[in-house]
Structures are given as structure tokens and as C-alpha cells.
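**Q** Use the sequences and the hints to build the structure in full.
There are 2 protein chains.
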Amino acid sequence: MDLDPFVGIRIFHEYLIANNILLLISFITGLISIIVAVYFYIYVSKQKVGTSKMKEISDAIKEGAIAFLKRQYTTLIVFVIILTVILYFFIGPETSIAYVIGSLCSAFAGFLGMDIALKANVRTANAARRGLKRAFPIGFYGGAVTGLAIVGLAVAGLSAVYYFFPDPEIVLGFSFGASLVALFAKAGGGIYTKTADIGADLVGKVEMNIPEDDPRNPAVIADNVGDNVGDVAGMGADLFDSYVASVVAAMIIGAVTMELGALLPLVFSAAGIIASVIGTFFVKAKKKGSPGKALNNGTYITCFLFALFSFLIVYLLALDMGIFYAIISGLVAGIVIGITSDYYTSIDRTPALRTAEVSKTGAAINILTGFSYGSISILPPLIGIGVATVISYHFAGIFGIAMSAIGMLSITGMIVSADAYGPIVDNAKGIAEQSRLGKKVIQIADKLDAAGNTAKAITKGFAIGAAGISVIALLVAYTEIVGIKTIDIMNPFVLAGALIGIAIPPLFSALTILGVGKNAFRMINEVRRQFKEIPGLIKGKTKPDYAKCVDIATKGALKELILPSVLAVIVPLIVGFVLGVEALGGFLAGSILSGLIFALFMANSGGLWDNAKKYIEEGNFGGKGSDAHKAAVIGDTVGDPFKDTAGPSLDTLLVVMSLVASLFAPLIVKYALIR
Amino acid sequence: MDLDPFVGIRIFHEYLIANNILLLISFITGLISIIVAVYFYIYVSKQKVGTSKMKEISDAIKEGAIAFLKRQYTTLIVFVIILTVILYFFIGPETSIAYVIGSLCSAFAGFLGMDIALKANVRTANAARRGLKRAFPIGFYGGAVTGLAIVGLAVAGLSAVYYFFPDPEIVLGFSFGASLVALFAKAGGGIYTKTADIGADLVGKVEMNIPEDDPRNPAVIADNVGDNVGDVAGMGADLFDSYVASVVAAMIIGAVTMELGALLPLVFSAAGIIASVIGTFFVKAKKKGSPGKALNNGTYITCFLFALFSFLIVYLLALDMGIFYAIISGLVAGIVIGITSDYYTSIDRTPALRTAEVSKTGAAINILTGFSYGSISILPPLIGIGVATVISYHFAGIFGIAMSAIGMLSITGMIVSADAYGPIVDNAKGIAEQSRLGKKVIQIADKLDAAGNTAKAITKGFAIGAAGISVIALLVAYTEIVGIKTIDIMNPFVLAGALIGIAIPPLFSALTILGVGKNAFRMINEVRRQFKEIPGLIKGKTKPDYAKCVDIATKGALKELILPSVLAVIVPLIVGFVLGVEALGGFLAGSILSGLIFALFMANSGGLWDNAKKYIEEGNFGGKGSDAHKAAVIGDTVGDPFKDTAGPSLDTLLVVMSLVASLFAPLIVKYALIR
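In the order they appear, the protein sequences are chains F and G. This note's numbering numbers the first residue of the first sequence as 1 and each following residue consecutively. This note's numbering numbers the first residue of the second sequence as 1 and each following residue consecutively.
Simulated from the structure, these hints should not be mistaken for laboratory data. The model shown is predicted, which means the values in this text are computed figures rather than measured ones. There may be inaccurate statements among the hints.
It does not matter which identical chain is meant; a pair holds if it fits inside one copy or across any two.
[Claimed, not checked] Taking lysine-lysine and the BS3-like style, the derived pairs with C-alpha atoms no more than 30 Å apart in a straight line are:
| no. | residue 1 | residue 2 |
| --- | --- | --- |
| 1 | K518 | K614 |
| 2 | K541 | K286 |
| 3 | K559 | K360 |
| 4 | K539 | K614 |
| 5 | K614 | K360 |
**A** The following block contains the structure:
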């Protein structure tokens, strides 16, 4: 009986841990991802910019974007410094260092994503003059820079922080830094982009009847800038933060659950990175094939490879097969959520078609119908998350729940690559139109854009699902940290916490949407003023004052994002210190539940209003300019801040609040009024 | 030590229980309330109807309303029979009998409310010709018939059922009957009224530019019918069901908590009835005083009397003072919720004013702004409910939570009286306009109507708060029945249940709103057809085909309400039988949380869009006919089904689902797949 068949594996394990081999592997994988991103960056940069007109437009967009980012980061620095000091004194120096590193990584990921997008858009437009096959890779590799840089920075950063501070609770600081920057980027960028979009559309398209992206529109540059600061920089930071949060949550739960538990999340994430890197090389537009298919192929290959690698890891490290099942349940749920979300927004499905049809009876019914389908669309993803939770728990306990989050987010590198492709080609189309590159080029740009929209619908649903299961994992991590076994809704304090918690996501959404509304109000007045006061503008004889519009969007966005951001940090602290840790658990649970509802509702109804409008623009129910079209434009305008400002910020809000709770948990346990 | 100072009280208690004295008192109080209602009924009936033109219009409305109610009850009977059979065989004959009685009481309350409203509206209009002081009491006593009949029927019915079947779990059947009828009445009536309203407004007001309630509008009678079947019959049934549910929940919890526990909820409710009856006699419009003030005075007096009576009961029955505090915390929370809700909808406060202002930039920003303020308005009432829960628990344990629900709903008699007054005077105004009674009469009718709107805003918030705390009490009752101590959100099954639960209220809202949309689509086409095909209609030379519009609204409403109603009964059963009792607890908790969000959001945003429009109609931002007004009309049309169809039905949905869970709990415990 002295013979131990597992002795070999044990020695292997001890060797891995003692020498930090697993950590080293994760770190190197992160670096590889960054190196591939740099390779793509160089590839894109080498392409030609095109005509001088194109360069001019591109420079104007760049200038506006950089100006915005500069101001945003300046405001952000104040926040970061304040929080660093607070963390330093109240939580500990290590956490505050981790926090600063997380902030820097997140900010850098956002900056890089925007920088490459600004390079890639004009180059894609230029390459479109020589055909789709030339243009597509520039757009996609541009997106892949963001995708791979994000996951690379996340895993390399986490590995490094954990190497120096081998305590998952300190690593929380890294995640907090990443998330707070993401909240700024997402909410600020979201307010900016919709301010500009609504301003450009409502006056330009609706009142003056000029086409989208027309250079006569004073808000057109601001609109293009918005695509970059909102969709690229914001979205990049957003997925960066969900990704990091899910890994950290899993590390915390893993640390108390099993040997290697704190390291496994990093190892599996590394596997996801390798799968994503390989996946990106499989994205190739064939001569006749659609670019949308190419993007999806890349995603499927990444999923398959990740499943394979996960199996190998489980086998090699002699882990329980339950962990493998948990990971796969998350991965499958992510895909299912993406696909079902797609149904509710696709241009050729009942929800969008029906919404388009009722537009004939006016804007009110269009809005009511879109609102309703958006509300219905909440159910399938929630069932998906619920099933993944139950299955992963069944196979691997609470650690399983965390690992299913890792499974869902594993393919983030590929997802972000496909997603960041969208705004790049959208901008390329805009540049092509403003530079008057001709019908054929615009058609190609349109094709590229359509593929981007399809990819976006799927990845958006996916992102919400991933964020949902990440925050559930964070909630589990919170209970571990504060040492409570239950969050019992029958406990009146927990119930009170939950009642406050469910009100926060709608409050936050409302504040950002009101921000958009206020800012758009200013923008609309400015655009109207320019059309009225600048002689010859509508005939195209004079140039509008683009910079003024960019400036309004920038100032307004930063002003409007302060209050919601502060709320995200302060409200959990108030609930915790007044009502205690259990109530704070209820608060987090409540906010997660209502956050998921609102995020799904907003993303999907916004998407379907957009497509209902597009369907009418294709010539149905009276086509462009008809009453139905006018009604659908109103619906689309309502949906815009839903899907691009409030909805996506909610994921980040949930993560930030969960992290605040976990980080300050030790203080709350000690000093709460109700204990 | 043999001397027991409480021996006198004990003997008193035993006497009360042995001789069912408390039960008898409750029953008699219920009867008194019904008798006073009959007295008001006779008073109103005695008033004069007015001109033959008025009688004609009144008869047309009556005819349509009766036709609707007949069809609705015919459909309902099928449901009731099926459920009676199911309850008979699976739960027990007593429960099925209680169920039938509950259904009958609820249906009768709805019918009575509508009958008196149809009598009171034309008589109020007629009396308005002789001044406000003459007209006001007819409107108010008409409302009081509904208010007092409802609480009377509820308490007398509950007392009788409990006398024959002294088991609170059987009394649940009564509550279930009441709630399912209420769901039909509320959702069906809600779809009807908004179908007609939107049809009348969109074509009549917006397209044809004729005033509201103009007799040339083919949908005008359907619109008037809708006010009665939706606002009066539906709302009456709705508060009947919340009221009954809170009493039954408290009886169940009380039965296992303390001596007399099962009876106390009835006794305190009886006290509330007496307070309400006295309160109604204090509602008198002085010559110069505003009718709105008179309504509020009645409410405050009722609150004060109820507090006094409660104190006396606690003192006389030698109960713990904690129970008194619990009751008062509920009452105070109810008032606070009503007042804060009022802020978000009032015509002279920031939310409505700001929404009116942004209407200048178009419908989209109007909708976004209203949506946002509606979302913000969720927080204060939830804090109110949370605080009431914590305080009442602190003073009297879980029974305290149930008693705070009783406290909040105690003044239902008065609240419904003031609320039912609204649609009566609204209709009176309509009849005055259609009968062309002249400017002065219409001005008086307007004043009466404005008072109704203010009362309505407060009572609506109150109703949601009351329903919220009732379903929390029902949730506690559920855990008592199935014998679980916690609903732990960290249990993956509970979490999965909660995830499904939160998706149901938005799903239900969406189905009813889509129902309105579909039905309004038919109605709009019909109204357009009539204006086009009936010669001389727009000039007022020919009469439109009112009956056709009434018919479309009726058929459509009944068709569209089947699916959501069936869902309300079936989904909890599926969750329970598949995932088990704990998951079902999570499901209920989730549905309560998201139901509260949506109910508050919809009621308040709908109300504020309405008032933003009215503010513009008062001549601001361009006044009637301006672009801002058109935008505000779209917002109001979006808000209509929010505040009058989906929002109010949600309360009832939550109650129905909770009752289904509690009723079938014994079966679920036995046969669930996961136990």
C-alpha cells in the first residue's frame, strides 16, 4: 500500500509550483500575443494612406480622437491618484501598486486600439479601391491588434503582478484599475459617440436631408471620432476588464478550493490566447466568400482549439474532468447566447421586420414594438447563463462556476478582433464617402461594413453573457473574502440591499442617457446654427466648423460621466458600511440581476431598431424618406444610446461595483454599522 | 407565584377565539363597508342623467362596456372551470371552493365598479352644468362605491371562507381566484383601453387634427369604453387582489408565529375599513377649495384614524407593540412612496418640464429623457420598501413584514375611492365635450379631471409599493409552506431560478404591449378607413361606425391576453417541477425584483410623458400643433401602454405567480425532478 500511483504527477506538480513554471508559461503566452499584435500593427502601418483628401479627413479624425483621449485621460488621472492614495492607506501598498498597473494596462489597451483603428480605417478605404480581398485583411488585422493586445496585456500583467504578490486578493487591485478605466472609457466614449451621432443624424439626415457621412455636415468629423473613441477604445477597455475580472475571481475561488487553483485560471486563459492567435490566421477572405463568413470561421476554429487545449491541460495536470466540463459549459453557453441575441437583432428576422412594418403607423408603435422584442430577448441568454451555472456547479462546485466564466471569456482575443473590425470598416466607409472615392469603392466598403455588423451583433450578446457570468464569479469571490456562506434573500438586510441594488443599473443608465440627451441638445443647436449662419454650407461651397462640434462632444461627455462613475464607487461602500456585508452581498446580487436585464434589453432593442430602419432604407414599406422611414429613424435614435452608451457600460458598472465590494470587504467587516 | 397577572387577558383571548368573535367582527365590518357602498350607489343613481344627447352617448358607452365585460367573463369562465377542476383533484375540494368564491367576489367587484362608473360619469357631467360643488360628490361617491365594495367584499369574503375552512392555506385559494380574475381584468382591460386610445389619438388628433373626444372620431366611444373597462374595472380588481393577497400572506405567517396570528390580519384590515368609511365622509369640496385637496384630506384622515385604531387594537388585545410599529412603518412607507412617485410625474417638476423642453429637438430625445427619469424614479420607492422591511422585521420578525404590508394596504378603501374618481370625471369631461355642453361646463369638468390626475399619480405609486410589499409577504409565506429557511442566491439552483424569474416581468410586459401594438394597428387602419370611406364624416355631417371600433378593441384585447395569462400560471409550475422548491423561491424573488423595477419605471415614465405633453399643450415651447407638441404626443403614446397596460398588470402578475407557487407547493415538494 506504500505504492502511490500518482507520485509522478505529484512531483511534477510540485516542480511546476516551486519553479513558477505555470506562471512563467502564462506570462510568455501573454507576451506572444502582444508580439503578434505588434506584427499586425506593423503590417497595417505599412499600407498606403491614399489620396491627400483621404489623408486630410483621416488627420481630422485623428486630431479629434487624440484630443478626446487626452482630456479623458487627464480627468482619469485625478481619479486614479485619489483611489491610489485611498487604497494605499486603507487596503495596503501592494494593492495600490497592482491598481496602478491595472489602470495603466487598461489605458494602454484603449489607446493602442484607437491608434490602430485610426491607421487602419483610412488604409482599408484606400485598399478598397483595389478590391475587397485587399481591403479585408487590413480591417481585420487592425481589429486583431486590439484583440490580441488586450488579452496579452491582461494575462502577462496578471501573471507579473501575481509573481510579485502571490495573493489573489492583491491581484484584485489590478482588476479594479482595469475596470475603472474601462468605465470611464466606455461611458465617456459612449456619451461622446452618441452625442455626435444624434447631432449629425437629427439635423443632417432628418432636417436637411443630406446623406450620412456627408462632408457638409458640421458634426461628421465628430461622428467619425465617436466611432473610434466609443466603439474601439471603449469596447476594448470593456472586454479587457470583464476578462481580467473573471480571471481574478477564479483565482480567488481557486485559491481556497484546490491545489494549483489560483494558477489554473491563468493557464486556461493562456490556452485561450494561443487558440485566438491561431484563429486570427485562419481569417481570410476568399475571392468569392463573404467576409462575414471568414470572421465566423475564425471564431469557430478558436473555440475548437480552445476546447482541445483545455482537454490537454486537464489531462496533463491530472485535474478532475469536472473542470473541463465546467469550462466547456461556459464556452457553449457563450456561443448560444451570441446566436440567440443575433435572432432578435437580425435584419431578416421577425423582430426587426415586424418593427419595420409597424413604422407605417408612426414612431410610437415602432418604439413600443422594439421595446417589446428587446424585453423578450432577455429570457434566452439568462436561461443560458442559468444552465451554465447549474452544470458547471454540478461538475466542479463553486470553482466550476468561475471556470465556466473562464471558458466563456477564453476566446476574447478572437471576439474582440472580430468586433474591433466593425468600427474600422464603418469608418473606412465614411472616409470613402467623404473623399468621394466613387460608387464601386463605397459598395465594397458597404460589404465590409455589413460583415462587421453581423459580427458585432453576436459578439455583443457574447460580451454581456461573459460579463454576466464573470460578475457571478466575482460575487462568489466576494462571499469567500468576507466569509459568508449564503446570500439569503429572506434576510431583511439582504433584501433591502437587493432592493437598492436593482435600482442602480437603471439609475446609471439613466444618467448616461440623460448625459447624451443634454449633450446632443447642445450639439443639435450648434449644427443648426452652422447651417443657418455659414453661407454656402448647404451647397457645399464652404466648409463647416468641424472642430467646434468635436469640442462640444468632448467637453460634454467628460462632464456627464463624472456623476455616474462616482456613484459606481460610492454606493456599494455606503450600502456596505451602513447595512453590513450581507446586505452588500444582496446589493451586488440585485445589481447583477437588474444589470443583466437592462444590458440585454438595451443592446438588443437598440440593434433591432437600427436594423428595422435599415430594412426600410433597403426600399421596403415606402423606403427612404417615407413616413415609415421617419418613424424608424426616431426609433433608431432612441436605440442608439441604449446600445452604444448605457447598455455596454452596464457590464463594466457591475464589475466595478463588485470589485469595490471585494476590495473594501476587510474594512466593511470591521467597521460596518450593522454587523 | 401562582398569580398570573395576564389571566384576565387570557380568558378574554380564549373567549374571542372560542366564539369566533374576532372573525365575526371582521365579517360585520366587511358588510358595513358594502352597505355604505350600496348607500353611495343609490345616491349616485338618483341623480339626473341630463339631455337626451347625453343619454345617447352614455348608452353607447354602456353598451360597449357591457359587451366587453360579457365577452371577457365568458372567456374567463373557461379558465376558472379548468383551474377549479385542477385544484379540486390535485389540491383539494376546499381549496377549489375557496377559489371559486374568490373569483366570483373579484368579478363582482369589477362589474360593480364599472356599473357605477357608467352611471356616475354622465350624472357628473350633468351636475357640472350647475357647478363644481354639485358635480364633485357624484364623481367621488361613484369612486367610493368601488373603493368600499372592494375592501368590504374582500374582508367579508375572507372571514366567511376562513370560518368554514379554518386553514390559511385553503384561504390561499380565495386569493388565487381573486388574482387570476384581476389579471384578466387588468391586462385585458389595459390592452382594450390603449388600443382604443392610441387609435383615437393617432388618427384623430395627429392626422386629422380634430380635438380629443370629438364625436366625429370613430374610435371615440371605444376610447370612452376603454377608460371604464381598463381604469375602473381593471384597477378595482387589481387592488382587490393585492389587498386579499397581503391579508392571506399575513394569515399564513401569523398562524405559525403567534396566538391569534391568523386572525390579526383580518382584524387590522377591518380597522382600515372603518377608517376608510369614515374618511370618505370627510371628502367634501368647499366652494373655493380645490377638489384635489378634498381627496387628499380624506386620505390623511383615513391614515390618522387607522393609526389610532391600530394602537387601540394592540392595546386591547395586549399585543406586542412591535406589531404596531410594523404596521405604521408600512403605512408611512406607502405614503412616502406615493409622494416621491408624484415628484417624477408632476407637471410642475423638473422631470416633466425637462422632458417637455427637449421635445423641441424631436421625439427621440423626448423619449430618451422620459425613459431616463422613469428609470431614476425606481430608486426612492425601493428604498422605502427596503426600509419598511428592515424596520418591521426589527420590531416584529417575519410576521412584522407581513403586518407592514397590512399597514400599507389598510387604507385601500380610501385609495381606491380617490382613484376610481379619476376615470369617472375623465369620462364626464368626454361626455360634456361630445354633448357640446359649452365652455363653462367643460372648464368645470377639466378642474374635476385635474384633481383626478393628481390623486391618480399618488395612488399609483402607492399601489405598486403595496403590491411590492404584499408579494414579499407572499414570498415569506411560500417559504413557510414549503418549509425552507433560506432563499440563498449562492445556491446555483436558486440563482438559475432567479435568472429566469427576472426575465418574466419584462416578457409579460412585452407580450401585453405587443398586444396593444397589434390591436392598435388594426384600429388605426379602421379609423383611417372610416375617415376615407364615410362621406361627410370629417365635416360632422354623418356619424361614424362606433360599434365597429368597439368590436375590434374587444376581440383583439381578449385574444392578446390569453398567452401572457397562461404564462403566469405555467412558468412557475415548470420552474418548480423541474428545478425544485428552492429554485422556485429564487424564481419568485427574481420576478419580484424585476417586476418592481418595471412596474415603477413604466408607471412613472408613462405619467411624465403624459404631463410633458400637457405642459406643452398649456402653451409652452410652441404649444399645441408645434413640432415640440408632435414629439411630445409620440412620447405620450409610447407611455400610454406603459402606464395603463403593462405597468399595472405587473403587480397582479407577481401575485398570481406567488400564489401558484404556494398553492402547488405540496405537489412540487413531492414530485419535483430536483429535490
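**Q** Identify every previously stated hint that the structure contradicts and give their numbers, smallest first.
**A** 2
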